[in-house]
Amino acid sequence: MEFKERLGKEILFFDGAMGTMLQERGLQTGEIPELWNVTHEDIILDVHKLYLEAGCDIVKANTFGINPFKMEGTGYTCEELTKKGIALVKRAIAETGKKAYTALDIGSLGKLLEPLGELPFEDAYEAFKPVCIAGEQAGADLVLIETMNDTYEIKAAVLAAKENTNLPIVVTMVFDESGKLLTGADMEAAVAMLEGLRVDAIGLNCGFGPDVMKEFLPKLREVCSVPIVVNPNAGLPVVVDGKTCFHVGPEEFASIMTEIAEEGISVMGGCCGTTPAHIKALVESCKGKKPLKLFDKGRSVVSSYTHAVVLNERPKIIGERINPTGKSRLKQALRENDLEYIYKEALAQQDMGAHILDVNVGLPEIDEVEMMKSVLTGLQGITDLPLQIDTSDMVAMEQGMRLYNGKPLINSVNGKKESMDAVFPLVAKYGGMVVCLTLDENGIPETAEGRIEIAKRIIAEAERYGIHKKDLLMDTLCMTISTGQENAKITLDALDYVRNTLGVHTTLGVSNVSFGLPQRELVNTAFYTIALSRGLSAGIINPNSEKMMAAYHAYCALNASDVQCVDYINIYSQQADAPKKTSDKKEVTLYDAVVRGLIDSAYQAAKKELETREPLAVIDEDLIPALDKVGQGFEKKTVFLPQLLMSADAAKAGFDAIKEFLQAKGDASESKGTIVIATVKGDIHDIGKNIVKVLLENYGFDVIDLGKDVPPETVVETAKEHNVKLVGLSALMTTTVVNMETTIKMLKEELPDCKVMVGGAVLTQTYADMIGADFYSKDAMGSVRYANELFGV
Amino acid sequence: MKVDKKETLRYLGYRGNTPDAKIEKLIQEVTEELERESLPKSVYREFPCEVVGNQVKIGPFSVESKHLSKNLHGCERAIILAATIGRSADLLIKKYSVINLAKATIVQAAGASAIENYVDEVEEEIRKNAEERGFYLRPRFSPGYGDFPLECQKEVFQLLECSKRIGITLTKGNLMMPTKSVTAVIGLTREKYQSCHQKNCSRCEKTDCEFREE
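In the order they appear, the protein sequences are chains A and B.
Residue numbering for the first sequence follows the working numbering, starting at 1 and increasing by one per position.
Residue numbering for the second sequence follows the working numbering, starting at 1 and increasing by one per position.
If a hint is listed, it holds; no wrong ones were tucked in.
Result set (DSSO-like, lysine-lysine): computed pairs, CA atoms no more than 27 Å apart in a straight line:
#	chain 1	residue 1	chain 2	residue 2
1	B	22	A	344
2	A	636	B	6
3	A	70	B	41
4	A	652	B	25
5	B	22	A	608
6	B	6	A	778
7	A	629	B	25
8	B	154	A	70
9	B	22	A	607
10	A	331	B	94
11	A	652	B	22
12	A	637	B	25
13	A	243	B	57
14	A	708	B	172
15	A	636	B	25
16	A	637	B	22
17	A	180	A	470
18	A	180	B	94
19	B	94	A	778
20	A	629	B	22
21	B	94	A	652
22	A	327	B	94
23	A	637	B	5
24	B	128	A	243
25	B	94	A	344
26	A	243	B	41
27	B	154	A	708
28	A	180	B	2
29	B	172	A	129
30	A	129	B	154
31	A	373	B	94
32	B	25	A	344
33	B	22	A	636
34	A	637	B	6
35	A	636	B	5
36	A	219	B	41
37	A	778	B	5
Think of the hints as simulated: they come from the structure by calculation, not from any bench.
From just these sequences and the hints, can you work out the full model?
Here is the structure:
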């Protein structure tokens, strides 16, 4: 019988540790165990046989560490080692005459993925791919992705297995004592993503012994609807004389595992420190036990790389601000590739209490696919909120779903056949909840019944793709009452039916209801409250609107989902105490605001000044003198770095106000010149460079920031393309100053007139001279002074 | 794991000056956030140690380094260790670089203090255990110090299974991610007079450094 047919119906047994067995047989610390598939095949074969004799049903091939990064320089390819690894299991099965499945064992790449690390998601995928292909070709029965501690890497591995093989996929992860992965993801988040990706079984391995793992199981069972796997260590590792030992013996192991079996576990086995004796004892005491019958937990959930957001009695807020429709400043940011503006919008909404953020970056004049990819990647390094991928471009949608680290919300599908044919296969493949618009080929029905009919059709069609209604978020389409007074009622009647009779969660673009009316917020908040009470699960609203948020918090207190009104009291008892904040702000001049580092006040003060004065005067008479004062203090060491930066941020807010003012008039701000800056190749420290960037921008320069780990070629190309007079380079490590030197050399050859200023922890004037830099800046103010001199300001 | 405020101020360039109340509050906020979100983890292993000339052998690991051999002179055993406070600092720096550069810089400084403090804690645990066995510790010495090649990070990572056990990874240039991580060698010697507590900075040759401890 196939593995998948038996999975979940009877307890199946994995084998135990390979590494432990090999160390006993002479594998040295630091040696690559997978090479033994070729160099010591008899020993590998022998270990497999021992586990088969012990009674296991699934044998893990010795392929855990096979990937292009670890195999580099070994003289072996991933393909040959994988095939050899699988073949050895097959041979052991044949020679012992036992029946067992062969698992292609896949472990971590040992690299950190973007945006925090340097490995792009698709490169991780490519690293797993050849191993998956070779494993299936050699006859593996399933893929085991194990000892994983990063959901993003797991996703790359799962996609590599799904797209290149037809094998069942089992994923086991290492949670720490707090029940989290190293990346901070909790169990709920990891399970949401993995169930979305339709893996066949989910579980725990390594890290702990069976006793600790047992404690995790109730939580895992509560959220997980697929078969559960438990492969613990033989206790915690203890290092004795440079050797790792494990102290839980076979009997103790088997006895705790028997208790674990009662929890309804489907697959059991061992990780580090377990031996054939452990597995034998385990099989003897648990064979014949039945796992609990699986049932769908029916949870409607989306997740980010850290946590899950569950749709339930407590309504959720989807922040609408990252959507260019009707927002000229966001449009400008998208056109100028100003991602920082988008990140700020994201963080502001998170601060105000949004649970999920809508991300729509579609503009006719930009490449939406590329923009979606870079914004999603960037946002995942800035905010831990789940994201809603909002696009009508199917390529952008799929690329976004691929790159998303978690289970996303998708916006949207509708009742048109064409739409469902395009969107549902993506949801079935990558996982996600999906917003369903109740419209079809005939447009938007003018009755609640009409919309309900479409909702039913969408639910049925989703089912055909294996998409349960728990993963649908029905939008009964909010339209303005200014064009039809019945509109709100129709929307709400349909919404009520969908949520309360069909049992499907709901969403609405709430603010549409007031389009064309004055004082829209009044109508919006009233409508929002009614919609919530009729069954709105997750409204798309502007979290920066205090009135909308007040309606939300008041509603949650009233419907008892804010238990004991804790959140309501927390938020609004504080607000009553702090009305003086606004009166404070009015007193401050722009100059003072910048000197004192008050960001909001600087923005407001600049706006006020612009009512009566020319932008240039505001810059030259207020902003620059204030920056100069702080800068001089910094150089005299009476002002310190944090203060300097607070002033820089305040000045930046002042410049933002000027920028907006000019843009409204159709003018562009004047630039003193363009400077390219970068942290050199090999170096990942960029905070110093970021400080320099902000200060240079404050002083009116256009700065092209190439980021960190930038190859010399990129610096030269960019400098050439923009014909710049000045390049700034940063390096923190002695080892990367070499790359700084190379970059300077290349720059001097290609652009003899371009000046280079350098900075960074290990640099000195002597060092800077030695590598041919034109200027050494010991701090950020130094770079401003040099740039001012060079550009004759 | 705790952040040392004095160290944080030193990394921020205060050199004995006191920050004003507003910065003080900012440092407090950032420190609390960092301490709350950090997941400190460490792994270490002890091996026999052999030093012949500039050649150092620690268990299966060997390297030629004048500075390391000087540091380990007279040591029978040595510990190779890796520690990290996790991704918190890197994530917070990324976030605050967008909205509040002062905070980002404080995370950077507080994170540097946090990892040093955490490694001190781990070292204390090692010291206790070593002293019970009649060993004294030499000051810890990291790849990249003096002529101890940064390249050795690769082997250290393999030996300790850093990525699997504590989630640190190496970039192509052998730098650690998360950035607030440390690898080091600690020599164990029977002779007490050889162990001395050194200030971190005394090991560094950059004597004109802004941040040098007196």
